[in-house]
Amino acid sequence: MEITCSKGTRLFYQWVSVLSAIIFVLLLVGYLQIRRTNRRLHFQKRQIESQAEDLRNINESLQKANIKIKQKNALIEEKNEDLTRLNNEKNHIIGILAHDLRNPLATAISMNEPIQSQHNELSEEQYEAGSIITRALRRMNEMINKILDIRAIETKKLNLDIQRTNMFFVIQQVCELFRDRFAKKKIKCQFDIRTEEAYAHIDFAYMVQVLENLVSNAIKFSFPGSSITIGLFEKENTIVLFVKDSGPGIKPEEMEKLFGKFQKLSAKPTSGETSTGLGLSIVKKYVEEMHGSVWCESTYRKGATFFVSFAKANEVLA
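Per our numbering, the very first residue in the sequence shown carries number 525; after that it's consecutive.
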């Protein structure tokens, strides 16, 4: 009986020992797992805190940058207001000066031309001096007229009268105006009219000025004895007018400056004519105000062709 109890007791203690060992191992594993998890959480916490600190620093930097941007924007706005005011004052002064100068200039030109017509009664020196005065007066008058044109564009005072117009009539009028200049420089004016129904919605007077500027430039930059082609054709639903000269052409790097104000390119007029640098900028503004497009195609040393296009007008405006 005692032997049986002793065996049972030993077996019990063995199981207790085994269970205790298992529990100890489980507790140890759990402890190590918890410790490892805590370490990982602590590391992640430090990372999050570091990232949060970085975000705070970034946010502070952004706030400072935003304040600086607002300050700069306020300064830019103030400068823009100053520039607008100065530009308005400049336009006002230019307008006054141009108007005040135009009448005396017209008087001087009209008084000088009869004197020049009396060539036989003048010495060679007097005639040459008179010619220089006439050219200078005409150049100044041209500059004033173009400045007034630019001013009218910038102040939105064009007062366009848009009508359904045959572009062929524009070509007829301009060519008549330039007949003497063509003859004086011995330039042949050729026509390439590929359509007779070239109707577009335009302001006739302003379109005449557009073509005048293009033809005037073509004459200035074409060589004596050469030719200029004025053409008209349809392309899809547009009417395209073009002026092709026989001049030195335009360098590729200068093409993007072509329609800017007061732009003087490397190409020079072929017979010493003057150029204000305003003509093409006026052309662009007028054409765009009439909802058209203008562009140039040129091969350097082989002349240039200027194109103006408008939507084809099939019906009369109401």
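There could be a bad hint or two in this list.
What the hints assert, rightly or not - Here are the simulated DSBU-like cross-link-like pairs (lysine-lysine), alpha carbons at most 35 Å apart as the crow flies:
1. Lys710 / Lys759
2. Lys785 / Lys708
3. Lys781 / Lys759
4. Lys792 / Lys781
5. Lys759 / Lys792
It should be emphasised that the hints constitute simulated quantities derived from the structure, not laboratory data. The structure displayed is predicted, hence computed values, not measured ones.
Query - Ascending list of hint numbers which this structure does not respect - result: none
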